[in-house]
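These are the residues of each chain, in order.
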Amino acid sequence: MTADAVNGTAPAHKPPAKPGPAGAALHWALVTLGPILAALLLSGAVLLALGTDPLAYYGLVLQRGLLSWLGLQETLSRMGPLLFLAAGLIVAFRAGIWNLGTDGQFLLAAVIVAAAGPPLADALPGWVALPLCLVLAALVGAAWSLLPALLRAYQGVNEIITTLMMTFLGTSFANVLVKLAFRDPATTVPQTRTLPVDDRLPRLFGSTISSGLLLGLLAVVLVHLMMTRTAFGLKLRVVGANARAAVHAGLPVPRLTIAVFALSAGLAAMAGAVDIIGTQGNVRADWNPAYGLAVIPLVFLARFNGFASIAFVFLFSVLSIGGESAARRLGVPHFFTLVVMAILLIVLALVEYADHRRRERMRA
Amino acid sequence: MIAAPPSDAGAPIVALHGITRRFPGVVANDRVDLAIRPGEVHVLLGENGAGKSTLIAMLSGLLQPDEGRILVDGREQPIASPRHALGFGIGTVFQHVMLAPTLTVVENLALGLPWWRRPDRARLAAEFTRTAEALGLSIDPHAVTGELSLGEQQQAEIVRALLRGSRVLILDEATSMLTPKGVEELGALMRRLAGRGIAVVFITHKLKEAFDFGDRISILRLGRKVGEIPPERLRALGEREATAEIVHLMFGSSESPLPSPSLSPPSPRGRGLGGGGSFGLTRPVLSQAGADGGFDPLPIRAQTRADPSPYPPPARGGGTMNDSVPAPILVVRDLSVPGHGAAAVADVALEVAPGEILGIAGIDGNGQKQLAEALAGQRPASGGTVLLDGRPIDRLDVGARRRLGLRYVTDDRLGEGTVGPFPVALNLLLKQIGEPPFWSRGLDRPDEIDRNARALVAAFDVRTPGIRTPVGRLSGGNIQKVLLARELSGAARVVIYSKPTYGLDAQNIVAARRRIRDAADAGIATILISTDLEELLELSDRIAVMSRGRIAGTVANDDRARQRVGELMIGAQS
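The listed protein sequences derive, respectively, from chains A and B. All the letters of the first sequence, read from the start, carry residue numbers 1 to 364 under our numbering. All the letters of the second sequence, read from the start, carry residue numbers 1 to 574 under our numbering.
Worth flagging that the hints you see were computed from the coordinates, not collected in a lab. There may be inaccurate statements among the hints.
Unchecked claim - With the Cβ distance kept under 7 Å, some of the chain B side facing chain A (calculated, not the full set):
(1) V398
(2) V419
(3) W439
(4) G442
Said to hold, decoys possible - Selected chain B positions facing chain A (Cβ under 10 Å, derived; list incomplete):
(5) Q378
(6) D412
(7) E416
(8) P421
(9) D444
(10) D447
(11) S489
(12) A492
Since the model is a prediction, treat every value here as computed from it, not as a measurement. A virtual CB, placed ideally from N, CA and C, is assigned to each residue, including glycine.
For reference, chain A alone in the conformation it holds in the complex (with noise of 0.2 Å):
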């Protein structure tokens, strides 16, 4: 620590030389683009080595996921799951909670509003009875994490290991109930009865997209706001960065943490919801998308800001509908997606510890 530091005369403290505006700008395309270039590349070097051609698969990925309509109106249509469970995800990760059990709570919720659905929809009209399966969606994907909710304000116990676990009884359980209970009979596959596409959430300007997609815009700027402009959102930051602090501050950390995995879980059930009552119309046994820990990792690539978390997603959307084609097409297997989305992961990871060092060397 240098004398001025010490003795806290600040204004003696000189900046590290500013590069200009051109540097600044070369910078940041370095320190953003440069990762999304290089994973492109690491990823065609695996392509090639499993024998197709790159640019092929690029190509069409790019084709079937964003350049022809129909792979767009899919793309858009995805992005709603896929943004209530960022939303989910910023939520809790912002607080410090490490909600890894979003899948379990995604496809319980998805299996009862896929049983309540139609029922519902037959007894009710449209617009009150899709509201009411968000709502029970949320309900059922809370108390799902009322368990290691409870075991970590209370007893400390790591949630990571317990919503992990819940995830695991979440998916057999939902399985059980598509299997025994809510299956229908007028079907060989075991499946719950189908939501008819009339009585499912309404599609945009005649398209084929999903009114999902911007429940799920609405889901994250909403949970951006509330974790950047409102004192609730504050509270569970202060709990995040250092939960001592909160509990000097006086803060009621095991009850924020409830609310954190009541509303973390509430967030990835209506993700269920949203895919049931906006796309998929029933759950087949044995589905399961595993959207969580996929949505996972952009959450980070967006360092938990909710409006970056809307550009990965759609990026990973178009990245898994045009995957998804290209490997009918190529024979590339479908989670190819995460492979590239890893490889960025880590690429973005190393950029990001030599800028570090780097500002580090400037400051010393």
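Since the structure of chain A is provided, determine the placement of chain B on it from the hints.
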């Protein structure tokens, strides 16, 4: 296993000559001479921050001196690393046990051995038992370490040090974690070790232990060795004379060579010197009897200072009482706080009046932190009552107590006082999240938040590049200013400071102390917890001394305070 006593028992094994070690801003050791002789228990006495730990770190190879020479067996050589120190036969047993709790004693012994060799447990156990029995200890070498008592773990560590061929054994505050019985056993063990020709260096805060177990006593103060009592003198001096001498060396005012009635009173508070501070109050003190013989739960607090006050009698403005002693605003009765094993705070009773500064002295870790946290409401108490304005506040949480005017300035500024990555502006409101006018219906009002931050930054002279700068980027002194600004702003009525100048540089120490004094002069009842006796003498009206979670006594801050607080701190009066 135990090294045989060298033939010339008088020659020191390790001798330090003119050792100086500096850290940024402080000289931790200033030209210290020390000779460690075989067959002798050499006691190092000194307050927190006197430089004992630094000295030990250099002896055990963890730190290197900046100046001075270290002689081992009469030859000058550096102690470059802990391994090197062990090679010279210097073993250290630290305050906190350094054994792996999940391994057995024998497995812990095997930890230092070369990794490629299979540990011969049976042989190790036999050696351990032989050495332990020779010292009159019986520890099962196959017991899991964590299941032994702390005293036994320490004994196991001592035996391990001997097995590794230690001729010098450093016991760093080894008694601080032990029960009285454990202390006695350790003392007896030290005597037996000395009898076998081992040189024991024993660091303690307790004068009684120094007398009971030590042959030679060296006293450190502010990094300097201020005195040494060799064995002959220690025996010749009576306990009372030795106590007086040691207390004076450890705590005596540095200007005056001897404690004498003419010693100038440490101008408490220095109030009125700057002019304008005519809010002064006479300083109520506890009865001396109450301070001497234990502590009554309800102290009589009607006595005023015996010596004539140099300041004019107070003129209490606007008060309805004509009494010169204002009613206490904070009253603590029989407060107990649970700790690990023994209670962290036991039956503490305190009273503080508006405008009064009650100092709390004591060696670090004697329950001061737990007391402060219990008063602030962030740690549950197991018994007792805290009254604010005569109303019990035991059931209120931190926020409710704060709204009543009770504030706590923590010493753990980055650990719990602030959220490092958050901007200064938010850290200034950390304890008011959601309260108007900064939040309205739960929504931020950035203009109000910024206005508050700018006003406080200016008023408390926080040197920060901006109010949005992450608080963790500021220097320690400026982080402390942020804390003071947060706790002293608004309707503060009772403020608890925990080591408010700890780790600050001289300039910021002066600024923080002035802030504390000004706040008290403005009528705030103050509890000042500090391990710095000078600070307490400079600021306090009364000083309570905490020891093992209890108030060992409370003294008025008069010309005898220095000596009496010193005596209470090291347990010379019991």
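How the hints compare with the structure:
1. V398: holds (3 Å)
2. V419: holds (5 Å)
3. W439: It holds, given that the least Cβ distance between W439 (chain B) and chain A is near 4 Å, below 7 Å.
4. G442: holds (5 Å)
5. Q378: holds (6 Å)
6. D412: Since chain A brings a Cβ to about 8 Å from D412 (chain B), closer than 10 Å, the hint holds.
7. E416: holds (4 Å)
8. P421: With a minimum Cβ separation of about 6 Å from chain A (threshold 10 Å), the hint on P421 (chain B) holds.
9. D444: holds (5 Å)
10. D447: Hint violated; D447 (chain B) Cβ to chain A Cβ min 13 Å, cut 10 Å.
11. S489: Since the shortest Cβ distance to chain A is 15 Å, the answer is violated.
12. A492: violated (15 Å)
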